[in-house]
Amino acid sequence: MMLGAPLGLLALLAVPALVAAYFLRRRQPPRTVSALFLWRTPDQRAEAGPRLHRFSRERSLLLEVLAVLFAAFFLSDVRCGQTAPRQHVVIILDGSLSMNAADAVDRAKTEVARIARAENAGVLTLIETGVRPSLLAGPQLERDRALATLERWRPAQPAHDFAPAFTLARELSGSAEHRLFFITDGPPPESLALLPTIEGRSVGEALGNVAFLSAQRRDEGGRAQVTVRVGNFSDTEKKVSVRFTPTGAAVQTRELTLPASGTAVLRVGFDTTGAIVAALPDDALRDDGELALLPSPLADVTVSMTSDLDAQAQAALRRFFAIAPGVKLAAPATLTIGPPKSGARFQLGATGTLKSFVGPFFSQKGHALLDDVQLGGVVWTAGENPPGRVLMSAGDVVLLSEEDDGTLHANLDLGRSSVQRTVAWPVLLSNVVRLARLSSPGFPRKHLMLGEDTPLVALAGSKWELRGADGEARPVMGSGVLMLPPLPRAGTWALEKDGEPFDALVVLPLDPRESDLRTRGPWELAAQKPQAFASFATTHPRPWWPLLVVLLLVLLDFWLTAAPRKKDVPA
Amino acid sequence: MTVRLDFGLVERAATGCALRLPRGPHRGKLGEVRASSVGSSLELHDFRQYSPGDDLRHIDWNAVARTGELYLRVRQDEVSPRVEVLVDASASMAISEEKAARAREVAAWVVTLARRGGLDPSVISTGSTVRKAGGPSTRAMLEALEFDGRTPFDEALRRAPPLLPCGLRVVISDFLFEAPPQPFAERLARGAAGLVLVQVLDAEDVNPSGGAGARLTDAETGEVLERVLTPGVLEQYEARFNAHVGLWQAAARRVRGTWAQASAEQSLDALARRELSSLVELA
Chain L
0 MMLGAPLGLL ALLAVPALVA AYFLRRRQPP RTVSALFLWR TPDQRAEAGP RLHRFSRERS
60 LLLEVLAVLF AAFFLSDVRC GQTAPRQHVV IILDGSLSMN AADAVDRAKT EVARIARAEN
120 AGVLTLIETG VRPSLLAGPQ LERDRALATL ERWRPAQPAH DFAPAFTLAR ELSGSAEHRL
180 FFITDGPPPE SLALLPTIEG RSVGEALGNV AFLSAQRRDE GGRAQVTVRV GNFSDTEKKV
240 SVRFTPTGAA VQTRELTLPA SGTAVLRVGF DTTGAIVAAL PDDALRDDGE LALLPSPLAD
300 VTVSMTSDLD AQAQAALRRF FAIAPGVKLA APATLTIGPP KSGARFQLGA TGTLKSFVGP
360 FFSQKGHALL DDVQLGGVVW TAGENPPGRV LMSAGDVVLL SEEDDGTLHA NLDLGRSSVQ
420 RTVAWPVLLS NVVRLARLSS PGFPRKHLML GEDTPLVALA GSKWELRGAD GEARPVMGSG
480 VLMLPPLPRA GTWALEKDGE PFDALVVLPL DPRESDLRTR GPWELAAQKP QAFASFATTH
540 PRPWWPLLVV LLLVLLDFWL TAAPRKKDVP A
Chain S
0 MTVRLDFGLV ERAATGCALR LPRGPHRGKL GEVRASSVGS SLELHDFRQY SPGDDLRHID
60 WNAVARTGEL YLRVRQDEVS PRVEVLVDAS ASMAISEEKA ARAREVAAWV VTLARRGGLD
120 PSVISTGSTV RKAGGPSTRA MLEALEFDGR TPFDEALRRA PPLLPCGLRV VISDFLFEAP
180 PQPFAERLAR GAAGLVLVQV LDAEDVNPSG GAGARLTDAE TGEVLERVLT PGVLEQYEAR
240 FNAHVGLWQA AARRVRGTWA QASAEQSLDA LARRELSSLV ELA
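In the order they appear, the protein sequences are chains L and S. The letter at position 552 of the first sequence is residue 551 when you use numbering that gives the first Met the number 0, and the numbering goes up by one with no holes. The letter at position 240 of the second sequence is residue 239 when you use numbering that gives the first Met the number 0, and the numbering goes up by one with no holes.
It cannot be assumed that every hint is accurate.
To be verified - One-sided and incomplete, this derived list gives chain L residues near chain S with beta-carbon spacing under 7 Å:
| hint | residue |
| --- | --- |
| 1 | P28 |
| 2 | P29 |
| 3 | R30 |
| 4 | V32 |
| 5 | S33 |
| 6 | F36 |
| 7 | L37 |
| 8 | T350 |
| 9 | G351 |
| 10 | L353 |
| 11 | F356 |
Since the hints were derived computationally from the structure, they do not count as laboratory data. Virtual Cβ for every residue (Gly too), placed ideally from N, Cα, C.
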């Protein structure tokens, strides 16, 4: 029990006064009278019942003393089951993947509990560092609840800068002067020196580690080709066996000899179309020693050309699609090609007054349609400007443009241009096909690195949701081609459409900077401003129940002593 | 509270007095007082014509001779009228020893007077239990009378057996209860040829002492009222008390009863000569 305002206990002084008044009243001499009704004033005659002996001095005293007690409870802000004072302690936890090494995460949890006890924390705010810092608990969550929330914490972030988390912590602590706590397993970050109010400590341990550094999978014709790079983060040569467990095929084990601080590449083929799990022997950090690779065959793109497309353009397109991999001319098509104003996804042709350009061509850098498109020596004949956002232009003529709905316009007359006879033509069409392929709903990529943004194509009109291996669900907001924030943990994530599984991807727990545990180790850095305490107790609303009890007691006392009663009427 | 009843004192107070009965005809056992019923006394009451079945001994032959018609002498019966003494035995009648003693003495005095007058007295007390006694047992009952009733007189009387017709009904009480006086007085007067209401009051009932705070407890209900007995409060009490007594006096007048007030401070002998003199006539 704690008292928010101990001075409120002064209200208890009313108790002796009440008791004194009680005894003074008791000293009044009792007198028996023949007719009490003659002594009453008219009001009293109306109020009192002649038969009921309702007034009880002792009960009234008891009720009044109880009322004073509860009033004192209210005024003194009594909090049952709480200890005073309540401090708000903000703790920043390193969310790096390496925190899982050698039980560092458990030591971090223990350290949080120790800090909470030592600082007499009533409420905690726990911040996890990351590419985007996040709140593990809080802000200002009850200590026990915060610690319980922390039990479920499993760090899974790639290497990142801690500064955003420090900034967030300072804001949530309420003042730049408040002391903060930072727990990591790595070396002291440079940004720590800039913040004198942060008290940092490391729970890490310098260890050797063998980890996957990268992984790729290529599926073709029912055969999967897996390529992994394994790194040795220790100062001695190591021999490790890599175990591949494909779905529906035999397990394969490969032995690798890794030089000190060196890497080795392993390429293995499997006759499977299912997932393949690659695993290294258990070591200091198990997370980076096991990964699953999902099948990621190149998705076929169906293409159709409208009949009103001019014959020369159709011929040029057919020549390309005949040799392009994963492209079929069929209907219904993912990619439709037609002349300008045909409504096709890729509109090819020039209308109006034609004009030829040999350069210079101005293109928007970074757009996927123009990747590797070289137009040196090309003659580009164009007509009137197409609608949409300009991707490439020559002078004041728009050569390539894109509308908001993804429709591409190529202002190009193939009969008078030389584009189709240059290398730029197949590259440009490959990019068109790639964009069409990427616009298919689902994950364009099946494997992402830890901390990488998640590309996703979601069609409007359906409910899309991401679901992790542990059941955690993250709704997908928006439709079209989306770039979602990095997924919070490594592993398989399923994409559900209207509650049904639709697609899946794997976040690979790969980050060489996190796998290198040799730089880890314990350290402690006291705050440079130790006089700055953790932030003061948050003001919880004062409980109102004692006041309600007081009100009830007063009403009961009034009822016992002076409440109007229906007078007994003689029959 | 039990105070020994001094019958010697009662006898002395009753010496030379007789209970004054109302002038109207009475009913009761055969006795010496003219009754309301037709009987065989020597007192002539009326004449009426003969009807078949009448006693031929009652024919007035002189009237037959004068009128030629058969006339009967109708004579009145002579009875010994009943005297009913109702004693309020509620606790308020015993707030002081004097008040209880005086109430008991007045009751015994009336019984003694009635018995000396050849009447048939009976006593009904309304304490915690209703008791009724007649004849010789009235004395024992009055000696053992306990003022222990916890309900007002009017309510206690409802528990009593129905009041029978009687020649005289004497009600001894302090009449300090909240029941409306008029209906209650009518109820008391019903069936009685005469009604006497004797109000026995203690000095504290009439002039309560004041000057300090007090917890006033009703003698019957136990109800408590805390008052500071300032002169103003005492004046208010006096006014209410007088108004209350006035209501009872008016009620007694309306039912043609007699109202008498007996102060417990005075002796029975003094009361018999002054305040209660309206109940008696010199023998």
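Problem - Indices of hints not satisfied (ascending) - result: 8, 9, 10, 11
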